[in-house]
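Number of protein chains: 2
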Amino acid sequence: MRKILWTFIMAFALIFAINAQELANFMGASSAASPEINASNDSVTFRIPGNYATVVKLSGSWLRGTANPQPELQKGEGGIWSITLPLPEPEIYTYSFIVDGVSVNDAANIFVQRDGTRYLSVLLVPGERSENYSVANQRGNLERVWYDSPTIGINRAMMVYTPYGYRDRANSKKTYPVLYLLHGGGGDEEAWVSMGRACEILDNLIEKGMAEPMLCVMPNGNAGQQAARIHQIPERPFDRSDPAQANLYIHSLANDIIPYIESNYRVIARKSGRAVAGLSMGGGHTTAVTGNYPNLFDYICPLSSGMAESDEAKAQLQGIKKAGYKLYWIGVGDEDTRAYERSKELAGMLDSFDMEYTLYVTGGGHTWANWRNYLDTFATLLFK
Amino acid sequence: MRKILWTFIMAFALIFAINAQELANFMGASSAASPEINASNDSVTFRIPGNYATVVKLSGSWLRGTANPQPELQKGEGGIWSITLPLPEPEIYTYSFIVDGVSVNDAANIFVQRDGTRYLSVLLVPGERSENYSVANQRGNLERVWYDSPTIGINRAMMVYTPYGYRDRANSKKTYPVLYLLHGGGGDEEAWVSMGRACEILDNLIEKGMAEPMLCVMPNGNAGQQAARIHQIPERPFDRSDPAQANLYIHSLANDIIPYIESNYRVIARKSGRAVAGLSMGGGHTTAVTGNYPNLFDYICPLSSGMAESDEAKAQLQGIKKAGYKLYWIGVGDEDTRAYERSKELAGMLDSFDMEYTLYVTGGGHTWANWRNYLDTFATLLFK
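Protein chains in written order, with the working numbering: chain Z, 12 to 395; chain R, 12 to 395.
The shape of chain Z in the complex, shown without the other chains (with noise of 0.2 angstroms):
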């Protein structure tokens, strides 16, 4: 990462003939900045300006469940108060400051990401995890695309994201395939987009040639909303727990968001070019649109969630086998108790089929450390 990085900003300083002292100001480097990534690049250091705060503390994403999970920050001199922690390992951490008592973001960093109805203060720590969190040289367009949705009744959100060089003439006669990328409760169509880093993550990877230029849908799997609540659009209640509701947006993606793609973009509107692929409430809805519709994906990546035995588990699962599949790719942390044991359970009935599947196994829990690797791990088995 650090070394493309570096590639590109020479490429920069090349091209604009600016010199080091000119790339370290633009690069931001301030005595309020916040945070900091020291040169030795083991520490960072925190700042916040108050001058009347009595007790300030930090609250890392990382921290928790350490043996000091708010270390308090100290005061020094204009009344800018910092602390300096070990550097933790590469990966995108969320942080705020507790300013007697109160959460408090970081103003002096403007990367936040949006985790529901909260704004969380971003620290991207680079390395070999983390380097396709970060912009890429070649990017995809990304688009708020509003259609409607006849199965649920309303008018909806989603995100496409088109990969790099899907509007170039040279493949103006291009088809493309598609990820189908769904998001957990709590989340909304720009979960991904947000949290997930998936833009970066599909720029990078195709722009090394470690996955085929794809496009990614994200739409917004809350059947009572219309789209996230950044819009302020009214909601209808909604029960999971009554199975006609439940499925709505299952049938909504192949009746409704499939048709609207495939009448829209230039993408391969066949099995071979859709994979599904979804985070807990979102793996649930993996499993159920691929056991409803067994026809429609060819790749099947369920995260975090796994399916419960059952009858009519079985019944979908040899469904799926006897429509054929590439890939059926299962991502779960072994810290993540009740997802990894329903996890094996799916595993287990794949296995009694003779049905071929990975089983990915990482460290870790219900996080989204864990969502961005498993991204960054089974699109490049996608559509090969």
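Honestly, the hints are just simulated from the structure, not real lab data. Misleading hints may appear alongside valid ones.
[Unchecked claim] Straight-line alpha carbon distances no greater than 30 angstroms define the calculated DSSO-like cross-link-like pairs of lysine-lysine that follow:
| # | chain 1 | residue 1 | chain 2 | residue 2 |
| --- | --- | --- | --- | --- |
| 1 | Z | Lys325 | Z | Lys395 |
| 2 | Z | Lys86 | R | Lys68 |
| 3 | R | Lys185 | Z | Lys184 |
| 4 | R | Lys184 | Z | Lys185 |
| 5 | R | Lys337 | R | Lys325 |
| 6 | Z | Lys219 | Z | Lys395 |
| 7 | R | Lys185 | Z | Lys68 |
| 8 | Z | Lys282 | Z | Lys333 |
| 9 | R | Lys282 | R | Lys337 |
| 10 | Z | Lys86 | R | Lys86 |
| 11 | Z | Lys355 | Z | Lys185 |
| 12 | Z | Lys68 | R | Lys68 |
| 13 | Z | Lys337 | Z | Lys395 |
| 14 | Z | Lys185 | Z | Lys282 |
| 15 | R | Lys325 | R | Lys219 |
| 16 | Z | Lys355 | Z | Lys395 |
| 17 | R | Lys184 | Z | Lys184 |
| 18 | Z | Lys355 | Z | Lys325 |
| 19 | Z | Lys332 | Z | Lys395 |
| 20 | R | Lys68 | Z | Lys185 |
| 21 | R | Lys184 | R | Lys282 |
| 22 | Z | Lys337 | Z | Lys184 |
| 23 | R | Lys185 | R | Lys219 |
| 24 | Z | Lys355 | Z | Lys333 |
[As the list claims (entries may be wrong)] Covered stretches of chain Z (in silico footprint by chain R; criterion: 3 or more residues with CB under 8 angstroms from a CB of chain R, positions within the stretch not fixed):
| # | segment |
| --- | --- |
| 25 | 51-58 |
| 26 | 151-163 |
| 27 | 237-247 |
| 28 | 379-391 |
Where a beta carbon is used, it is the ideal one built from N, C-alpha and C, also for glycine.
Following the hints, position chain R against chain Z.
For chain R alone, coordinates are given in the frame of chain Z:
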């Protein structure tokens, strides 16, 4: 606005057969809600939990310059600080809490705007003035597009709005006019989307039949940037006082951006199908691009900017007169001292050449309240 909103909510209630209590629940009424416009519709309450805070104030954009610009909240039950203030005039405002001297966004409020590198909590007071700033029933798509700019020598981002219906099969042969909408200093390609509510304004005007369905292209006017800083792409130094650099962007608009849009979207690729408008620095870009390329745009709207009298300015305006145009619309606030003077200078030059124009003078200064209002006004005059 309230009438439309209630019609919309009631339509929901009918469609989904839900009652008033359920409606109240899903509208999110709760004791910790913030901001809450009270039932009497003449006051608004802000709340923030903070058991250990000593002094909590509210800083609101509508309170600047008043006798008490940062009123103190009172601590109540459960450590919830609150304050109830008279409801300001219908408009969009931004605010933050100041907790023991530190500025804090409202964690209970998902409505956030980004102004450059700062994220701000938003209060939208509904009313006639702001009725087009909320989400419409018929919504256009919004795409982040990465395009090559040979003129500037980098790959760059712009936002492209396509109106509701653009993808309807019934409109598949229809071509649309395009508004090129330019931001000011400190802004980027998302400024009109976030602070300017451009999508909502155009959606609402088009839905009401008050504006022609049009595309809206919002490029990044900082020639040193590839994109908004949220993408964390290194920048090159840029000197606006160097004329060769200062004009790069307007040449890229004419030679890179317009050709890209006209070869990738179904648009009217002639002068009568192009409008350009911009605020402050973007107003300068508007007068510069129309002065340098008098055959490109029939609709010209410099906002909060104007043009200093000079031989070059006069020659450019005469060029525009010779080429012909349909609308020259100058918007400015009478408290925006310098821009007001410059707008009158521009109007004076137009007068001297017997060129038709509108000088739309409002109260207020160099503010997004004015720029939203100008867009809401001049957009109804375009392409007619």
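Structure-based check of all given hints:
1. Lys325(Z) / Lys395(Z): holds, 27 angstroms
2. Lys86(Z) / Lys68(R): With a Cα-Cα distance of about 22 angstroms, the restraint between Lys86(Z) and Lys68(R) holds, given a limit of 30 angstroms.
3. Lys185(R) / Lys184(Z): Status holds; Cα separation ~22 angstroms.
4. Lys184(R) / Lys185(Z): At roughly 22 angstroms apart (the allowed maximum being 30 angstroms), Lys185(Z) and Lys184(R) satisfy the hint.
5. Lys337(R) / Lys325(R): holds, 19 angstroms
6. Lys219(Z) / Lys395(Z): holds, 15 angstroms
7. Lys185(R) / Lys68(Z): violated, 58 angstroms
8. Lys282(Z) / Lys333(Z): holds, 14 angstroms
9. Lys282(R) / Lys337(R): holds, 10 angstroms
10. Lys86(Z) / Lys86(R): At roughly 26 angstroms apart (the allowed maximum being 30 angstroms), Lys86(R) and Lys86(Z) satisfy the hint.
11. Lys355(Z) / Lys185(Z): Not satisfied, since the Cα-Cα distance of roughly 39 angstroms exceeds 30 angstroms.
12. Lys68(Z) / Lys68(R): Holds: Lys68(Z) and Lys68(R) sit about 21 angstroms apart, inside 30 angstroms.
13. Lys337(Z) / Lys395(Z): holds, 9 angstroms
14. Lys185(Z) / Lys282(Z): Judged against 30 angstroms, a Cα distance of about 17 angstroms means the pair holds.
15. Lys325(R) / Lys219(R): violated, 39 angstroms
16. Lys355(Z) / Lys395(Z): Distance ~26 angstroms between Lys355(Z) and Lys395(Z) Cα, so the pair holds.
17. Lys184(R) / Lys184(Z): holds, 20 angstroms
18. Lys355(Z) / Lys325(Z): holds, 14 angstroms
19. Lys332(Z) / Lys395(Z): With Cα atoms ~19 angstroms apart, Lys332(Z) and Lys395(Z) stay inside 30 angstroms; holds.
20. Lys68(R) / Lys185(Z): violated, 58 angstroms
21. Lys184(R) / Lys282(R): holds, 20 angstroms
22. Lys337(Z) / Lys184(Z): Since the Cα atoms of Lys337(Z) and Lys184(Z) sit roughly 25 angstroms apart, the hinted pair holds (cutoff 30 angstroms).
23. Lys185(R) / Lys219(R): Holds - the C-alpha atoms of Lys219(R) and Lys185(R) are around 20 angstroms apart, at most 30 angstroms.
24. Lys355(Z) / Lys333(Z): Holds. Lys355(Z) to Lys333(Z) sits at ~22 angstroms (cutoff 30 angstroms).
25. 51-58: Violated: only 0 residues of the segment 51-58 of chain Z have a Cβ under 8 angstroms from chain R.
26. 151-163: holds (count 7)
27. 237-247: holds (count 8)
28. 379-391: It is violated, with 0 qualifying residues against the three required.
Of the numbered hints listed earlier, those contradicted by the structure are 7, 11, 15, 20, 25, 28.
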